[in-house]
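Number of protein chains: 6
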Amino acid sequence: MKFINEIHEGETIRGIYLCRVKRSAETRNGKAYDNLQLQDKTGTLDGKVWDPNSQGIADYDEKDFIEVFGEVISYNNNLQINIKQISKAQEGEYDPADYMPTSEKNVDSMYNELLSYIGEISNQYLHQAVEYYFVKDEDFIRAFKGHSAAKTVHHGFAGGLLEHTLSVLKLCEYFAKTYSIINKDLLYASAICHDIGKTKELSDFPDNDYTDDGQLLGHIIIGVEMIGDAIRTIPGFPEKLASEWKHCIIAHHGELEYGSPKKPALAEAFALNLADNADAKMQTLTEIFKDKTGTDWLGYNRLFESNLRKTSI
Amino acid sequence: MKFINEIHEGETIRGIYLCRVKRSAETRNGKAYDNLQLQDKTGTLDGKVWDPNSQGIADYDEKDFIEVFGEVISYNNNLQINIKQISKAQEGEYDPADYMPTSEKNVDSMYNELLSYIGEISNQYLHQAVEYYFVKDEDFIRAFKGHSAAKTVHHGFAGGLLEHTLSVLKLCEYFAKTYSIINKDLLYASAICHDIGKTKELSDFPDNDYTDDGQLLGHIIIGVEMIGDAIRTIPGFPEKLASEWKHCIIAHHGELEYGSPKKPALAEAFALNLADNADAKMQTLTEIFKDKTGTDWLGYNRLFESNLRKTSI
Amino acid sequence: MKFINEIHEGETIRGIYLCRVKRSAETRNGKAYDNLQLQDKTGTLDGKVWDPNSQGIADYDEKDFIEVFGEVISYNNNLQINIKQISKAQEGEYDPADYMPTSEKNVDSMYNELLSYIGEISNQYLHQAVEYYFVKDEDFIRAFKGHSAAKTVHHGFAGGLLEHTLSVLKLCEYFAKTYSIINKDLLYASAICHDIGKTKELSDFPDNDYTDDGQLLGHIIIGVEMIGDAIRTIPGFPEKLASEWKHCIIAHHGELEYGSPKKPALAEAFALNLADNADAKMQTLTEIFKDKTGTDWLGYNRLFESNLRKTSI
Amino acid sequence: MKFINEIHEGETIRGIYLCRVKRSAETRNGKAYDNLQLQDKTGTLDGKVWDPNSQGIADYDEKDFIEVFGEVISYNNNLQINIKQISKAQEGEYDPADYMPTSEKNVDSMYNELLSYIGEISNQYLHQAVEYYFVKDEDFIRAFKGHSAAKTVHHGFAGGLLEHTLSVLKLCEYFAKTYSIINKDLLYASAICHDIGKTKELSDFPDNDYTDDGQLLGHIIIGVEMIGDAIRTIPGFPEKLASEWKHCIIAHHGELEYGSPKKPALAEAFALNLADNADAKMQTLTEIFKDKTGTDWLGYNRLFESNLRKTSI
Amino acid sequence: MKFINEIHEGETIRGIYLCRVKRSAETRNGKAYDNLQLQDKTGTLDGKVWDPNSQGIADYDEKDFIEVFGEVISYNNNLQINIKQISKAQEGEYDPADYMPTSEKNVDSMYNELLSYIGEISNQYLHQAVEYYFVKDEDFIRAFKGHSAAKTVHHGFAGGLLEHTLSVLKLCEYFAKTYSIINKDLLYASAICHDIGKTKELSDFPDNDYTDDGQLLGHIIIGVEMIGDAIRTIPGFPEKLASEWKHCIIAHHGELEYGSPKKPALAEAFALNLADNADAKMQTLTEIFKDKTGTDWLGYNRLFESNLRKTSI
Amino acid sequence: MKFINEIHEGETIRGIYLCRVKRSAETRNGKAYDNLQLQDKTGTLDGKVWDPNSQGIADYDEKDFIEVFGEVISYNNNLQINIKQISKAQEGEYDPADYMPTSEKNVDSMYNELLSYIGEISNQYLHQAVEYYFVKDEDFIRAFKGHSAAKTVHHGFAGGLLEHTLSVLKLCEYFAKTYSIINKDLLYASAICHDIGKTKELSDFPDNDYTDDGQLLGHIIIGVEMIGDAIRTIPGFPEKLASEWKHCIIAHHGELEYGSPKKPALAEAFALNLADNADAKMQTLTEIFKDKTGTDWLGYNRLFESNLRKTSI
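Protein chains in written order, with our numbering: chain A, 1 to 313; chain B, 1001 to 1313; chain C, 2001 to 2313; chain D, 3001 to 3313; chain E, 4001 to 4313; chain F, 5001 to 5313.
If you're looking for bench data, these hints aren't it; they were derived computationally from the structure. Just so it is clear, the structure is predicted and the values come from calculations on it, not from any experiment. Incorrect hints may have been included.
Stated by the list, open to error - FRET-style restraints, in silico, Cβ to Cβ:
| hint | chain 1 | residue 1 | chain 2 | residue 2 | range |
| --- | --- | --- | --- | --- | --- |
| 1 | B | G1056 | D | A3032 | 18 to 28 Å |
| 2 | D | A3032 | B | D1064 | 27 to 37 Å |
| 3 | F | K5088 | B | A1032 | 15 to 25 Å |
| 4 | C | I2234 | D | E3239 | 21 to 31 Å |
| 5 | B | A1032 | F | N5005 | 30 to 40 Å |
Built from N, CA and C at the ideal position, the CB exists for glycine as well.
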C-alpha cells in the first residue's frame, strides 16, 4: 500500500485508509454521490464515490478503516481519487499507527529527557507528586506519550503533548537559570504538569476531539484536579506549596479571557505562561512554514492576525 | 456601652470597640497623632488620638478590641471621637458578636429554609453530596452560617453568604418552575454550592479579608475541589453528572473575563449565572439605597458605571 | 392539505404553502432551476423546481401563497419536494393564520393575564397611560397580540411579543416581591411597555423584517416616543415620573453598546434589564433545545459564545 | 471691584464674587476653616477663611454671591485670598452677567448667522420645524443663546452652545458643498438641532450642572422628543423625512458606546457626526492651548489620551 | 470594441479585456470549466469558458489582456459572457489606459490645484521639502498622479491618491482658516505628504496590490522615511520642525490600533487625522451610493458597521 | 558622606545628594515649607525643609546637587530627614556617577559579551550595519552603555539598556537554536538594535525623561530611522533584507495598540517580540521582589493586573 504523500496523479490505487470524513451530496441532476476524506499518518486525500449504490461499494461509516480502489486525478492542483470499490478493513489488516500523524521526534528519547528533568526536582513533595503520574502510572504514561497537544493549531499529532511539554520545560530551564527569583523545583513541576489535563480533554487518535469533560471543564480544571489527586497520596505535602503549584497550573494561560481563572501572582506562574505562549507560537509558525519555500506571502493568518512569509536569508 | 449608631454629637463616651484601622499621621508641625476607625456591628466611627504618647494611651494594634474614652464632635457632618484614653480589652469583657456586621435576617430560619430546598433534591447522588457539607459537616455549617459573601460590595456581613445563597436559590426555584428545560435537582445543588469556596477564600470576621488560597486559587477553584471531595465519598456517583455539576460551579460567573474558566454550556449553568448576577446587583443596590431618602443623585457608582438615585414614587 | 410537520418521505403532495424564499440557480450544464423555501405554521420545507419553464409552473413571486404538486424525497436527511406544478392560490382558498409560526400558548389567556397585572398598577397616571395602549387602542392591541418579539433569535413567532412581555413581567413581579427597594407600579408599567416599539420596528407576518423606522430609529426610540404620546393625553402626569418611566424604557438593554443611550440609574431600570435579559436567554435556550434528545453537543453557538448540550438527568 | 484676572499678589481686595464652592476643613490642631472657590466671568480664585466663626463672617452658602474682604497672597505660584470678612450680596448690588464665563464672540451676530443658514433650508417642512424653535419660541431662543455646550470639556461657557452649533453648521456647509451625495436641507436642519436637548440636559448658569432629565434621559433623547414636538405642529410633515431627521439626531455621537442608540445609516448622519466630533476636538484644543506659549509639553491629557504641546512654528 | 458598461443581454461580443481573475472549476459530471472576471475601466464582467480545452481557447493567464468572443446572457440579473474563443492580445492592440478604473476628475487640473497649495507654504524649509517630491522628482510625480489611494475601500482607482490628497488638503484649509491654533504651513505640508508612502505600499495598476514593503512596513513608515530623505537634502532644516512634521505623518491614523505608532500630540496632527478620516468616510459613501437610486436599504456594511440607504429628499 | 541605603534613624547627616524633586507646600497655619526627594545611586530619601526662608537654606532648584544637613527620623516606617541647612554643591565636590542608579553588572563585560554576539552575525550586510553603531560610533557606544531602558518600570538605571538588550539577545539565541525556522543573523541584528532608539527617546541621567523626539516619534520610529542611516552607508545592502530588518524593529511590540505600526509577519519578528516581552516581565518582577522576604502579598500591581507575592520554597 502507498502512503498518501507518495501517491501521484494518474495512478490506480488499492489500499486501506482511515475514512476521516464522509458527506453525502447530490449532483444538480439529482444524482447522489459521496465526498470522502481519507487519512493516513502522512496526510489526507479527497475522494469521490460517484456511484455510491453500486455493488462494489460496501457499507461503511466515518472513522472506519476502509480498503478503497480507484483512480487518482488532479483537480484544481489537488489530487483526488475517484473511488470504484470500497470494503471495510478488518482489525489485523492494518496497523492503526500508520494512520495517525505522529511527532517526528523519538517519543522514548523525549520521555527520557523529561524524566531527567524530574530527577532535578529536589523538593521531595513535588518530586513524589510528579512521579505519581510520570513514573508510577502506566496508563497515564501511555496516554501522555500518545496524545496530541491540541485538536488543531499546534502539536496536533500523537506525541505532540510530550513534545510541547518538553519544549516548554527547556525554556523554563532557561528562565530558571537566568532569573534568580525563580524557584526551579516549582517551575519544573508546573511546566511538566501544565497540560496533563489534556490527556482527558481530548480523546485519543484518530478521533482527537474534545471529550465531554473537555467541553464542560477544560484541561485547566481537569489538570488541577489531577494535581490534587496526586497530592492527596503524599502525607505531609505542605498546604502552601500545594496551592502555589495549583496556582501555576490554573494561571498558565496568563489572562482570564484565555480561560485562566486567576492571573499569575508568582514569578513561576509568569515564567510558565511566557514559556507556554512562546513555544505554542514558534511551533505553530514551524508547522505553517513547513514545506514552504521562497518568500511569497502566505495570506492572512487569523491566529496571528497578520499576513505571514518566510525570510529572504 | 453605646452602639455606634446610637452615639450623638457632644457626648462623652467610654466603651469597647473593635479597632478596625490604625494609621499614624503627623501634623504639619511634626507632631505625631493616630487616625483610628472603630467598629461595632452597627457601623463605624472615626477616631483621633491627638496625643498618642500620653500616659492614658496603652499599647494596642489594629484588630484589637480596645476600650476608648473621649468626646464626640461633628466634623464635616460626620461624627468623630477625640480619644483621651485607650486600654486593650480582655477576652470576656466583650462579646465578639457585638462587633461584626450581621445579616438582619435570622440565620437559623434562613438555614432551615435552605435545608428544605435540599429536601427537594430527588437525585440521590446530588442529595447525598449536598448533605455531605450542609447536614453532616458541623465545621462547614458553622463557617457557612457566619461567613460574608464578599469582602466589600454586597452581602459583606456575617450571614451574608447564607443570605445570598438562599436568595439565589429562590430565584433558581422561579427559573426551574418557569422554564421546563431546567433540571431542578442539578440547578438546586449548583445554587446551594455555588459559593461554598468563599468559606475558604475569605477569612472569618472581623478580618474578612482574602486568604492566601483565596488569592492564589479563588472561590471557584476552591469550590470545585470541595465538590470533588464530597463526590469521592459517594460510591457510584455518575461521572457525567459530576462533570455537569462542576461545570455549573466553574461557569457561574458567566464570562471568562469574570474568572469563569468555561462559559455556561448547560441550561442550569445559564440559570445559575443569571440568578447570581441578579441577586448580587439587586442586593448591592439595596445596600446603597439603605437609609437614603429623597431623589437626590448619589453620584457616579463605579460598579454600576452610572450615577444612581431613588425613584420618586 | 398536510401541514409540513406531517409530511413523510415518498409521499406525493398537493397543497398550498407560503413561498418564503425563491432563488434562481443554474446547473453546471447551464440549465436553470429554482430553489424554494415553503412555509406553514409548523415549519419550512425545501423545494426544487427543476423545470421552471414547463407549462405546469405558473408565474409566482416570493411571499405568494402557492399551490404546489410534487414528490417528497429525503436528501441528506432532510425532506425536499421536487415540484412538478405550481399555481398561485387565491385569497379565500387558504387561511393566512395557517402559515405563520405562532406561540404555542393561548394568546387571549396570556393577554388577560397581562391585563390583570395592569390592574395591579395603583399609580393612577401610570395606570391610565398603560391602558391608553393596552385597553383603549384596538389597533395596538391587535398588533401587539400578533407580533413577534424578534426577527430571529427568540420569540420569533406571532404572539411572541406578548409571550415575552408576560414572561418578563412575571420575573419583575418576583423581583418586586423580593427586593423592597423596587416600586412595583413603575416596574410593572416599564415591563409591560418595554418592547412596545417592536410593533413598529418589525413588520407583520409573514414578512417579519425590519421596517424603515426600525432601521433608522429602533424600538427603544420608537417606544419612548409612544410612551410620550400616551403621557401627553393625561393631564397632570408628574414630569419626574414621566422621565423615570422613559428612563426605564431607554435603559432596558443595560449597556450603551447594546443600544441603550443611558445605563440604568434606578432600581427598576436594573430590575427590568435583568428580567429582559434572563427571559431572552432562557427562551432562546428553550428554542434551541426543542426536539433535541440526548446529551450530544449541539455545536458552537454564536449568541452564547459556547458549545451547548442538554443535561444528562 | 476688580475682575479676578486683574488681581495681583499683595493687594487687599473688597468685592462681590460668586461662591462657586465652599468646603469645610480642619487644621491638624482641630481648628476648623473653610476653603472657597470664588468665580467671576474672567476666572476663579481660591479663598481661605481661617476663622469662620469670627464676627466678620456672615452666613452664606455655595452658589451665593458674597462680598469678601481679604489679602491676596501667592501660594505655589497661584493667587489665593485670605478672607477676613464675608457678607451676602443683595440682588441689585451685582450684575449676574459679570459672573459667568461667556463666549468671546458676539452672541447676536452668531445668532443672525445661524438664522441665515435656516434661510437656506428650502424644504418647507424642515424649514418650518426649525423655525418652530429658532424663530418662534422666545423662551427657547433665550435659553439656547445663553447656554453652554457642556459642563466641562469644550464650550463650557454661556453662548457656547450657540458657538458650537454654528461651528458645526459651517463645517456641514463645507461637506454639503464638497460631497454631492449630501442633502443640504437635511444636514442643515440636523446640525442646527443636534444639541438642542442640551438646553434641558444642563441647568442654567451659574449652576451649569446636569438636570434630573439630563441624568435620566440625556440630550439625545430630550432632543429627539423636541424634534417630535415641532413636527407634530406641522400638517403633512412626511413621515419618512421625520424619521430621517430624528435618525441624524440620535446617531450624531457616531457609536453606540458614545450614547447613540443607532449608528449612522444616512450620509447626512455621517457628515453631522464628523462635523460635531471635529469641532469638539479642535475647540477643546483651542481652550487647552489658550494663554500657553512656547513648546513645553502640557502633560498627559486624558480626553485625547496623549501628551500635548504647541507647535514650534 | 464595446466598453463593459455598454454591453447588453443577447449581444455577441468580440473585444479585448483584462483577465483580472481566472479560476478553474468542475461540473458535477467531472467536466472542467473556467470562471473568468473580465475588466475594463468601466467595470467588470463575469465570463464562463465551458470548454477550456477546445481549439479556440489559447493559453492565457490571470492579468493577461485577452481577446474574447462569445454570447452575453443574463443570469440571476447579472450579465455573463459564455466564451467560445480566447486569444492573447499583443501590446499595441490595446491601450492599457482603457483597462484601469480612473478618477473622473482631470488629473492635471487637480495637480495644478495641489501645486497652488504648495505655493502657500511660506516656511522655506517645508516648502523646499515638499517641492523635493512634488516639483522636482519626475518619477514621483508620475507615480503619485497615477496611483490609487487604496486597494479596495475608497479612491481605489488611478488618480485616487491625488484626488484624496487634494480633498484632505481642502478640508485642512478649512480647519486652518477656522481654528487659529493651527499653523497652516505645517498642516499643508503634512496633508500633502500624508499618504506619499502609498506610492510604494501599493503596486501600479492593473495589479494595485500590496508590495512586499507595503506588507512589511506600511505606508506610514515608508512615508516617514521619504520625508527624512527630503529633509536630508535641505541644509539647516530645523530639527524640531522635522520631528513635528514626521509626527503629523505617523499620527495621521489617530489611534495606535489603526497603525499610528503615536497618537496625535499637536493641533495639526489632530486636524490632519480628522480631515483624512472625514474624506475617507464621505468618499467611501459616495462610491457606495454611486448609481443607486431610491431609498432601499443596501444591506449591512462591515466598514461602517451599519445598514445604509440613501435619503428620501 | 553616607549613601542613602546606609542611613539610620536618629542620625545627624551632612552630605551631598541630588535634589530629584522639590515641591512647596503650606501648613494649615499658612506656613510655607518644602518637600524634597533626595537621591543617590542607592536609593531615595524624603526630606522636609520646615523653615525654607531661614538663613541656612540657600537658593537651589530641582535637579541640583545640594549639600544638606539635618536629622533623620522615622515616620510611618519610612526614614525622613528634617533639613536645617542647604547649600548648592559645586562641580568637583561630587562624582555624578554616585548619584544615578546603575546596573549591578559590569558594563564593559556586558558590552564585550554583546560584541561577541555581533561576531556571530555572518551576513556581511547586517554585520556591517550593526558595527556601524556598536563598533565604530564612539558617541553611540557611550550613550548606549550609560542609558536606561525605561523611565520607570524595568531596567530604569544606567546600563539598563545594555543589560536588557543582552538579556533579550540571549533568549533570542535560545530561540535560534531551538526553532530551525529562525534565521540567526536577522534575529541577532534585530535583537541588538531593537531599542537603539531609546538612546534618543530618553534623556541622559539624572534626568532620564522623555525627550521631545521621544514624545513626538518614540523609540520605534527613531530606531528605524537609525537603521536606515546605517544601511545607507553600506553599498549593495539588499533591499528585501533591509525591509525585513526594519520590519523586525517596528513590529517588536507585537501589537498595534502597544505602538507597533505593523504586527509581526516574519518568524524572527515573533521571536524578538516574545524575547523582549519575556525579559521585560521577568526583570520587572526581579525589581519588585528585590529586598522582599517572606510570602506576604505585596498588593495589587497595575502593570501585571494582579496581586503578587514570593513563593514559599
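Task: N5005 of chain F and A1032 of chain B - C-beta distance against the hinted 30 to 40 Å - done: Given about 25 Å between the Cβ atoms, the range is violated.
TODO: With respect to the beta-carbon atoms only, verify the hint that G1056 of chain B and A3032 of chain D lie 18 to 28 Å apart.
DONE: At roughly 25 Å between Cβ atoms, A3032 of chain D and G1056 of chain B fall inside 18 to 28 Å, so the hint holds.
Task: Range hint compliance [Cβ, I2234 of chain C to E3239 of chain D, 21 to 31 Å] - done: Hint holds: Cβ distance 25 Å, inside 21 to 31 Å.
Open item on the list: Please check whether K5088 of chain F and A1032 of chain B have a Cβ separation lying inside 15 to 25 Å.
Closed with: Given range 15 to 25 Å: violated, Cβ gap about 32 Å.
- [ ] Indicate whether the distance between the beta carbons of A3032 of chain D and D1064 of chain B respects the range 27 to 37 Å.
- [x] holds, 31 Å
In this structure, the hints that do not hold are numbers 3 and 5, in rising order.
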